Amino acid sequence: MRHILTTALGSAILACGGDAAPELARPVIDTLPSGVVTVHNTGPAGWADTSGWRLVETARIVASDSGDRAIVNPSGIVIDPAGRMYVEDRAPLAIKVFDRSGAFVRTIGREGDGPGEYRSPIMGVHGPHLVVQDPRLARLTVYDTSGTLLRSWPSACCHYRSIVVDTAGRIMVAAPSDMKPEFSDAFLRFTIEGELIDTVWVPKGGEPQYWEVSIRGGRMRRSIPFSPTDAEAFTPDGLLAHAWTADYRYALIRPPHDTVRLVSKAWTPVERPESQRRRVFDGIVEQQTKQIGAEAVARTYHFDDIPATATPIGGFEIDPAGYAWIASFTGDTLHRAFDVFDAEGVYLGRVPAPWGADTYVQWRGADELVTLGESEDGLPEIVRYRIDKSQVGH
442 MRHILTTALG
452 SAILACGGDA
462 APELARPVID
472 TLPSGVVTVH
482 NTGPAGWADT
492 SGWRLVETAR
502 IVASDSGDRA
512 IVNPSGIVID
522 PAGRMYVEDR
532 APLAIKVFDR
542 SGAFVRTIGR
552 EGDGPGEYRS
562 PIMGVHGPHL
572 VVQDPRLARL
582 TVYDTSGTLL
592 RSWPSACCHY
602 RSIVVDTAGR
612 IMVAAPSDMK
622 PEFSDAFLRF
632 TIEGELIDTV
642 WVPKGGEPQY
652 WEVSIRGGRM
662 RRSIPFSPTD
672 AEAFTPDGLL
682 AHAWTADYRY
692 ALIRPPHDTV
702 RLVSKAWTPV
712 ERPESQRRRV
722 FDGIVEQQTK
732 QIGAEAVART
742 YHFDDIPATA
752 TPIGGFEIDP
762 AGYAWIASFT
772 GDTLHRAFDV
782 FDAEGVYLGR
792 VPAPWGADTY
802 VQWRGADELV
812 TLGESEDGLP
822 EIVRYRIDKS
832 QVGH
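Residues in the sequence shown are numbered consecutively from 442, following this note's numbering.
These aren't lab readings, by the way, just hints derived from the structure by calculation.
It should be emphasised that the depicted structure is a prediction, and the values quoted were computed from it without experimental measurement.
Even glycine gets a Cβ: it sits at the ideal position worked out from N, Cα and C.
Any given hint could be a false lead.
Pair by pair, the computed Cβ-Cβ distance ranges are [what the hints assert, rightly or not]: (1) 739 with 698: 27 to 33 Å; (2) 483 with 728: 41 to 47 Å; (3) 560 with 636: 36 to 42 Å; (4) 620 with 808: 36 to 42 Å; (5) 588 with 637: 22 to 28 Å; (6) 541 with 736: 52 to 58 Å; (7) 772 with 634: 45 to 51 Å; (8) 552 with 725: 14 to 20 Å; (9) 709 with 739: 32 to 38 Å; (10) 698 with 636: 35 to 41 Å; (11) 639 with 799: 33 to 39 Å; (12) 799 with 663: 17 to 23 Å.
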């Protein structure tokens, strides 16, 4: 069955008229015999060029040198429904809470091995709960947002990856996947009460490319920069989203293995500038030369291994409102841009990011996001942005 769909957002723009209307596209929707829905996007259905969503700065916090109430060396951030920020600070290690304006509220837990303590906290939020995965201690801990310890239980060791807590309170924690080489990744799912539900196995879309070197009787390998890889995220209701970044396509999978939707988008290959590839390569060579020596580096690391064409998917996240944000390389090495898809897989349009390409997006909210980067003086800096959707009424 094939039909064409115009989203409510696209219909609103078409009805209003204006110069952008002729440029908008309509996705082609198919339902396969298996029941899987396919969505192919040939262009934006929500807005064209810069007439859509905007990222508007609302707060900026620059780290200071010291102080129990200050941010000194942040490395992780989440936001609760009230807009409070929970910041993992590493000088010394602590989870510090700040209100929407950036004012200090409290500290939760402390460094250590005992109840309510942590060594390597990775945070998530679900309603009134702060969830902390500690891969070093292989332990999950749940606090309320006032800092009271509620419970903790054993989890998974040694995977320093973000955790996800869906709307049902299910916690997804990265786990070892080498037991099943046919999969690219694995996540343990727990209830907020601490019960293990199951293991979510992530499909393998292709074979990642590595540089591998033998050293001191062992082997060390490193992913080749900008080469295709598997990428995954979770929707707010717990579906697994998976992509192989060499293709502009992602699948929505109901765990354990039930694919329910395939989303794709037409794209034009973009050359990645040699200057950018050379800068990254030279940095790796310099670092590895100090570790393994120039001879081993010359045998293993080759500039021509780095792809000259950018992958269509450079990053993949799904925010708590269900929108997929796909980092898309446009040829601009100084700034990021995101292609935004709604929960049905309809491509709405591109959102330019007002931050540098090296800035890391720590967490996405339903209508805001937070970045962690550096100020002009080279100090760690947290910036909050509101997602302004007013120009398209959505």
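Results of checking the hints against the structure:
no. : hint                     : result
1   : 739 with 698: 27 to 33 Å : violated (44 Å)
2   : 483 with 728: 41 to 47 Å : holds (42 Å)
3   : 560 with 636: 36 to 42 Å : violated (24 Å)
4   : 620 with 808: 36 to 42 Å : holds (40 Å)
5   : 588 with 637: 22 to 28 Å : holds (26 Å)
6   : 541 with 736: 52 to 58 Å : holds (55 Å)
7   : 772 with 634: 45 to 51 Å : holds (49 Å)
8   : 552 with 725: 14 to 20 Å : violated (32 Å)
9   : 709 with 739: 32 to 38 Å : holds (36 Å)
10  : 698 with 636: 35 to 41 Å : violated (22 Å)
11  : 639 with 799: 33 to 39 Å : holds (37 Å)
12  : 799 with 663: 17 to 23 Å : holds (19 Å)
In terms of the numbered hints stated before, the structure departs from hints 1, 3, 8, 10, listed from lowest to highest.
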